[in-house]
Every structure is written in C-alpha cells, then in structure tokens.
Amino acid sequence: MEQRNVDRRSFLNNLGVTVGAAAAATAIPVVKPASAQSPAAPKGKIPDTPLKFGHMTFLTGPAAVLGEPSLKGHLLAAEEINATGGILGKRKIETITADEAAGTDANVKELRRMKLSEKIDMFTGVISSGNTPALGPVAEELGLLTIFVDGCTDFLWDKAVPNPKFAFRITNIQSADGVTCAVAAAQTWPEAKKIAHIHPDYSYGRNAFDHFNIAFGKLVPGTQVVSEGWPKLGTTDFTAHITKAMSSTPDLIVSSVWGGDYVAMYKQALRYGMFNNAKFASTIAFGVAPHAIGKDHPEGVIAGVHSNYYFTFPPGNRWPANKTFVEKYYKRWNEYPNFQSDGAYHTLYMYKTAVEKANKLAGGWPEEEAIISQLEGMYFETAAGYLYIRPDNHQGYKDAVTGFSKNVPEYQFQILDPNRMITIPIRNITAPPHWPKPGSGHNDPTATYNWIKETWPQVT
Amino acid sequence: MTIFVIQILNSFFYAAVLFLIAAGLSLIYGVMRIVNLAHGALYALGAYISAWIVGSAVGHALEGNLGLAGMLLLLPLGAVAIAALGALIEPTLLRPLYQRSEEYHLLVTFGLLLILEDVMKLLFGRTPLSAGAIMDQMGSIPVGRLIYPTYNLFVVAVGVAAAIGLWAFIYRTKFGVILRATSQDRRMAAALGINVSRVYVQAFAIGCFMAGLGGAVVVPAQAAVLGLGIEVLILAFVVVVIGGLGSLQGALVGALIVSFVRTAGIQFFPEIELAVLYLIAAAVLLVRPTGLFGRA
Chain Y
657 MEQRNVDRRS
667 FLNNLGVTVG
677 AAAAATAIPV
687 VKPASAQSPA
697 APKGKIPDTP
707 LKFGHMTFLT
717 GPAAVLGEPS
727 LKGHLLAAEE
737 INATGGILGK
747 RKIETITADE
757 AAGTDANVKE
767 LRRMKLSEKI
777 DMFTGVISSG
787 NTPALGPVAE
797 ELGLLTIFVD
807 GCTDFLWDKA
817 VPNPKFAFRI
827 TNIQSADGVT
837 CAVAAAQTWP
847 EAKKIAHIHP
857 DYSYGRNAFD
867 HFNIAFGKLV
877 PGTQVVSEGW
887 PKLGTTDFTA
897 HITKAMSSTP
907 DLIVSSVWGG
917 DYVAMYKQAL
927 RYGMFNNAKF
937 ASTIAFGVAP
947 HAIGKDHPEG
957 VIAGVHSNYY
967 FTFPPGNRWP
977 ANKTFVEKYY
987 KRWNEYPNFQ
997 SDGAYHTLYM
1007 YKTAVEKANK
1017 LAGGWPEEEA
1027 IISQLEGMYF
1037 ETAAGYLYIR
1047 PDNHQGYKDA
1057 VTGFSKNVPE
1067 YQFQILDPNR
1077 MITIPIRNIT
1087 APPHWPKPGS
1097 GHNDPTATYN
1107 WIKETWPQVT
Chain G
-3 MTIFVIQILN
7 SFFYAAVLFL
17 IAAGLSLIYG
27 VMRIVNLAHG
37 ALYALGAYIS
47 AWIVGSAVGH
57 ALEGNLGLAG
67 MLLLLPLGAV
77 AIAALGALIE
87 PTLLRPLYQR
97 SEEYHLLVTF
107 GLLLILEDVM
117 KLLFGRTPLS
127 AGAIMDQMGS
137 IPVGRLIYPT
147 YNLFVVAVGV
157 AAAIGLWAFI
167 YRTKFGVILR
177 ATSQDRRMAA
187 ALGINVSRVY
197 VQAFAIGCFM
207 AGLGGAVVVP
217 AQAAVLGLGI
227 EVLILAFVVV
237 VIGGLGSLQG
247 ALVGALIVSF
257 VRTAGIQFFP
267 EIELAVLYLI
277 AAAVLLVRPT
287 GLFGRA
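Each protein sequence line maps, in turn, to chains Y and G. Under my numbering, the first residue of the first sequence carries the number 657, and numbering increases by one thereafter. Under my numbering, the first residue of the second sequence carries the number -3, and numbering increases by one thereafter.
So that you can see chain G by itself, here it is in the shape it has in the complex:
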C-alpha cells in the first residue's frame, strides 16, 4: 500500500513536469503551427539557469542567509530568462519562416537545439549543477514505513496551478480570445486589427516560459546535466502525440497517461519500460490519428 501511494505520487510529480513542457510545446504549435524542436533545450537551459542562480551564484554569495522562501522566489528566474530568450528568438529566427514549409521550421529549431546544447556546455561546463538545498530544507513526509520528499508535492502543486492558470488565461481573458482567434485564422485576425506579430511574440514567450518553468522546478529534485533536454523532448512529443498537438487538455491528459503508464511499466514490467510508451502512442495514432483531443 505504501509503495502504491508513493508510486502514484511519483506519477503525479512526473506528470506535472511533463505537462509544463508539453503545454508550452502545444501552445506554440496551436498558435503558430511551429513544431519547436528546441523546446527541450529551452527546458534544460531553464534548469541550468535556475540551478546556477539558486545553487551556485546567489547560494554562495548569501550562504545560509537566503532561506527557503528566498530560494523558492529565485527559482522561477530561470523561467523568466527563458521567456525573455523566447521573445528574442521568435522575431529573429522564426518570423522569416512562417511563409515557408514545415521542413524549414524543423531545420531551424533543430539547429537552435544544437546551438543551445553547446551554449549550456560553454556557460555551465560539463559538471552537473544542482539546487538540492531547496529540497533538503523542505524535508520529507512519512508515508507508511517510507518517506516522500515534500518538494515533489510542491512541484505537483505548481503543475496544477499552471494548468488552471493557463486554462483561465486562454479561455477567460481578452488576450486568450485574441490568441485563439489568431490561432484559428491568422489573416482574419489581422484584418480585424489584431497585431498578429505581437501575439506571436507573446505566445512564443509564454510557451518558452512554461518550458523554463518545467526546468526550474525539476532541478532541485534532480540535477541539470548536459543532454537533459533531448530525453525530455522525446517524452514531450509522446505526450502531445497522445493528447493531440495544439490542445491544452490533450497535454494534460497525455502527461498523465505517459507518466502513469511509465510508472506502471517500471513497477510491473521493467523489461519493457522503453517500449510501452511508444506502444501507447502508436495505439492512439491508429485509433485517432490527431490524438485524443487534437483537431484534424
């Protein structure tokens, strides 16, 4: 029973991280029809920046004076930095390519992925960075005979808050209406006087913010290592393939499915851990080629 509870908590933790990444990926595709292969690298860069700020730079300067609240407040700076980077990338790298076919989008964002991987190595070196102090200070709660880190529950809460916040933002605000309108018909939106370029920058920055936030919240629990973004990008694609590219609900449901199936695979069928996710993605594609919540 104890194990059952912990594995469910593990699954929610992992789903929260996957949702943050996949939601950004889906949002960017939904609005701009860009498959952003650099999304995982942006997530990893967010992890590195947050770990660097919390674990190294400020952590050493204010040894012991920072406190848990201070560290938690610094943590999202990685996400803010990625959002700012996104606001820079969209007008310079992506805008010239909207009229071109998708292959160009893939090539440019893949190139960006490679560049960002090298930038991370250049800036932060090859030694893993961690922000473990946050986790240690939050301690753990007893679950049966075992313990569970309190911080992981905090990450689940961040994931839930992000899901609600993003939903409210898209479906309950004026900007959300503009975003959806632009996503449905870019030309009509422009004809109605919407500044489409600005909407694109904002949408891309929000998507990047989500990726950076994913990296920022995951880094105290794990470590920022080179190549972090590539593994995660693949899983994020599995999530959006299952949920449907461009759909927020799809990202949420997809993240939950991937995370729970992965945990069940690890617990019960360790030999096929790698295969089981792709089998599910394949099954969904056979039954619903656009994903569970995707539009044709």
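Just chain Y, same shape as in the assembly:
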C-alpha cells in the first residue's frame, strides 16, 4: 500500500470540498444536460395507450415520514407530464402503488405481480437498503425497466446485480453517506479523536459505521471508536444508547438513525444533555420530510441528508431547477420536499427524456433497450444539481452534500443552513468504475471502502 503523508487542509482541498452557498453543481458536464434540450414533435406513430408505472415506498410505519415524500414527488411529476398530454404527447402515466412496509418477501411477490398481472411498463420507488438487493435481481429476471429512487446500498451493484441491464438507481450510493459525514466532521472538528457511534442494526447502519471510520481515520490521525450502540430499526427508546455513548466521554457522536426513530432519539438526547457534552454528526438526520424536525433540534450539528439534497440548497435563484421544483412541490402538497421527493420526481423526467431521445433516433414508441441505452451515461439536471448515470453500474452520481442545522424565522421547523453547506465532488469519494468489487481481490465491505483504504493518503 502506498504511503504518503499530507496535511489535512491540502487533502481536503484535493477532495474539492467546498463550504457555503457558492458551491452549487461543481461537476460541470461537457455535454448540455438532457432536460435543457427542447423536445421536438415526436417522430413516427405513437400509441395513445397509458403507461403503467409501479411505485413502491413506505406508506406506513416509522419510515413513512421519509418515504411518502417519494410518492408525492412521483405523483407531482406524473400530473405535470399528463397535463401536457403525456410522454411523447400521447401516453399518459398511470401509477399503482405498493407499501414497502410489507416486508422484503412480500415486496418481491408484489413486484412480480405488478409485472405479470398488472403489466407495468416501469417500476420505481423503494427506500430500504434491505429491499433493493432482493428486488434488483427480480427486475433483471423479469426484464422490467426499474429505476430505484433509493435503497442505496453498495451491495446492490457490488454483489446482487453486478452487471445490471434493466435496473438503475438515482440517489447517491450509500458509502457516500459515511464518507461525506466523515469529511465534514474532519473539516469542522479535526480535534475530535474519541468517537461514539449509534446506528440502526441493519445494512444501512453498518455501512455508515464502516465508511465513516475508514474515511475519518484517514483524515484525523489517532482516532478511536470508544462506544458502539446498535438499536433495532423501529426502536423509540434510546435512553440506554444515549447514556452508553455519553459514558465513554466522546468528542464526537456519529449516528445514522433515521425517520421517526431519529425524531424520537434527538428529543431524548436533548433531555440527557447529549448535545452539550459532545459534537454530533449524522448521515441522514434531515432526510425526513423537513417539517418533522422541530425548532428544538440542536443547532450547528452536522445533519446529513443521505448525501443527496436539501430543499434550501442551492439557495435563491442560483440553481433555477431547485427554485421551481420547491415552488411546484409546495404548491401541490403544502409542504417542502425531501431528497426522496427530488429523486422520485426526477426519475420520471429522466425516463421521459430518455424516451424522447430514443424516439428522435428511431421514431415510434422506443423499445425498452433503446430507452435503456439513452439512460446509460445520461447527464441530467435535477433540483440537487447535475446527476450522472454511470453506464457500467447504472448508478446515479451527484455531488454529495451535507450541512449544519439552523433555526431561521422563515420556517416553522429547523433547516440546513444554506450558507454553510458542504459539497464534495462525488468522484472523489466513491470508487471509480472497474475498481475491484468485494470478493475479487479483497474482502472489504464495499469497493469504495477498499479504494479509500488503498489510495487515500494518511493525514498526519
């Protein structure tokens, strides 16, 4: 392994980490983003039969506060597209929904049912990292075009579907969460050496734990994990976990607890003085529907959004795609979008754009393979910035963001401070294409973990 010694500041500069309102959409694409190209009249004869889409997300349970915004984003895009006559001006979108809370086995059956008996044209949605590795292979087997909104585990492309043909995913890959959180924490609190962890005990929590540690260890020498807590997903009593974390007198507490669980956790942590005794960084605290976070939430903590999107950023008129998206979403649903809303909304527009481009090439309603070839390698303008679909693994990449919590008078809930957002070019924190996957040459948790371990210098 190559050993280089660098100081933290120059390394963070090399990573391209930027802070503040100015850092929007740093990954300037060489091609014009797809949505900016004006659609011409469709070529050839287009059937006017409706398109049937299946959307699966958490509609019940504590994850609904994160998941239902996905359906709302999807429905908003479908309504907008239908109002203009449908895709290619002819085919309107019909959506059938499914509740992801039914459990992985039931979800797999539901996907088969949607394809075989409802004859859906595309499948989308899905929040949990426990579900995409089960649904991805089935989508491939059914030959069903699938764009996962989330369920972002690296495992999906590393192991479950190593050579995807029909399955895509548009939120940032999961390892980016832990790494982004680590980079932000190392930049903000480089003196933090003793780290306590509280993570939900399943793949997402394990992934956040691993990637935070490998990246933070590279950036801050001499760190140690002084406490681990692994609450069950769905737990609302965190008193013992909080006390355990505090018992180790950590400098920094890192957590990937999310959804309703996180709301319950931060309220308890407040009353135990947890935020007064240590710094706090989360990978996904503000990923829930924004209004679920009260003004009582501690200010100035790193409150991640799954490395994806928060509606106050890019602020103002700096990135019009965000401004108009937030306005339209608020007008329709009387609330603000979260990253799932952004993902689900732009999934439909990305599909629409791919169909239009394929139509331009061949005329008529394009074959599925033609749509897929347009999705592969697509640059797309979303509310969060440019999204790039990597052709080799069908994964969407956009610059990772996280930020600091702040109360402002304009909102009834706490927001991420748009003037203090941290943005990191995604290519600098995820494994490049063709980096060896787990099981081929190494047995680390993910390709990105191995890539960081092997190639990042150790900051001294």
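Don't read these hints as lab results, they were simulated from the structure. Misleading hints may appear alongside valid ones.
Coverage of chain G stretches by chain Y, computed from C-beta distances (three or more under 8 Å per stretch; other residues unrestricted) [to be verified]:
no.: 1; region: 107 to 121
no.: 2; region: 135 to 146
no.: 3; region: 219 to 226
no.: 4; region: 267 to 277
Glycine included, C-beta positions come from ideal geometry on N, C-alpha and C.
Chain Y is fixed; fit chain G onto it per the hints.
Leaving out everything else, chain G in the frame of chain Y:
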C-alpha cells in the same frame, strides 16, 4: 458510577412503560383468554391522542396558559379515550368469538391492529407528534457530572402506582374477587349471578386503559411515530412469556428483567442487543414453559 446510576434509572423507566403495556395484555388474557395483538396499536393510539391533546390542540389554543399541572392533567385523557374505545371493541368485535378457537381471536385482533395503524396515519399524519413541553418544564436533576430528566422519574412513579393500584384493585376489592372468579370459571361465575358480559367489558376496558396510559406517559419523553405499537407489542410479548401470560406479578417481574437485561446488553454487549432478550425468553420457556408466574 454516574453512568451506573443513570442506566439503572433508565432501566426502571423502561420497565415502568413495559409493565403498563404488559399488565394490560396479561389482564385481558387472564380474564378473557384473548391474546390481544392490537394491544400495541392501542398503546400507540393512546400516545398519539395524548400528544395531540397536549402538544397540538390544547397546547396551541392555550399557549403558555396551560402550565405544567394543566398539561399533566390532560395527559391521561389518551388513556381514558383508549379505555372508552376498548369498551366499544369488546362487545362488537370480540364477544361473538369467545366460543371459537384461538385462531379467530388472533385474526380479529391482528386485523384490528392493521386498521388502527391506518387510522392513526389518517388522523394524525405521518409526521411524528410530541408533547415535549411537559418534559422541558419539569427540567432535569444532576446525577454526578451528567443530568437526568425529572419526567422519567415521574414515569417510574406512575408505573409503581399502577402496579400497587392494580394489585389492590384485583386482590382487595369486591370487583377484584368477581374478576378473579370469572377468570377461573366463567360458567360457575355466571351461575352465581355475576353478569359476565359486563365483567368482560370492564376487564377489557381496564386492560386498554393500561395500554393507553403507557402510551400517554411515554409520549412526552419520546414522540408518537407510526409503527410505535408494533415494536412495543413484541417486547410486551417477551415480557409476558418470561413472566407468564395472565399473571400480574409475572408482568412486573418480566418487565424488570427485560428492561435490565436490555440495558445491560446495550451497555456491555452492543453487538447482541437484539438477540439477548429472545435468548432469555427461550431459556425461561425451556425451564418453565408457562413462564415464571404462569399457570399451566
């Protein structure tokens, strides 16, 4: 030492909540032989109603004028509402099924659980509700270098009071005698002139009240979130499996065991937090299949 004290207090807090839920579950089973799968959902609904009354509805209407005492008085309304709901559920949904086998009880109460989950989502939305103002106003007490929320001690006190009250009610009042008699032999009780139907309604309502009270006291400390009842139902079953289904003492001892073991697991063996409770339940079932205090 500080941590030790706080973790013990945490365990008592959690045990108090678990006892309130498990005692209701056990009482209903003890008297009516119904395994109420909707019990956790009733607990969650109690939490939602209390949070809605204290945190949203009255809280906003009487901003600042309510005071701590006012809020604490409003809090049990969630439990009262659940008791009233219970008095409605028993004669309509459960009474027709007493003659049938247990599978029907499970199906109906499981269906009720699903319905109640959707009702909560419909009524209160998917955003968590909280009644945190109570907790904030009660402040916290210093324990060594750390602090401990005063409200959690109040919850422990409620749990202790509920245990004593329920015990006195069942073993020291005439209604308690009738309840126990009905539980032991329904036909004989009916032959002696006891209105068994009324006893059933009352017992079910009391059981529901306990569940609702559990939800009401927990909500200022946490938050009412969707799915709250499912997690808790599983833990309540672990409690009654250890303590013995139908036994009040069993619910108390089971709640203490589950809570202390869970806390010890979190503190010392975080990796096996999930497994350790089920291991204990399995061990108890091997040694005493009816639970520590259960009747065969």
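Structure-based check of each hint:
1. 107 to 121: Check passed, 3 qualifying residues.
2. 135 to 146: holds (count 5)
3. 219 to 226: holds (count 6)
4. 267 to 277: holds (count 3)
Figure legend: structure checked against the earlier numbered hints; every hint is met.
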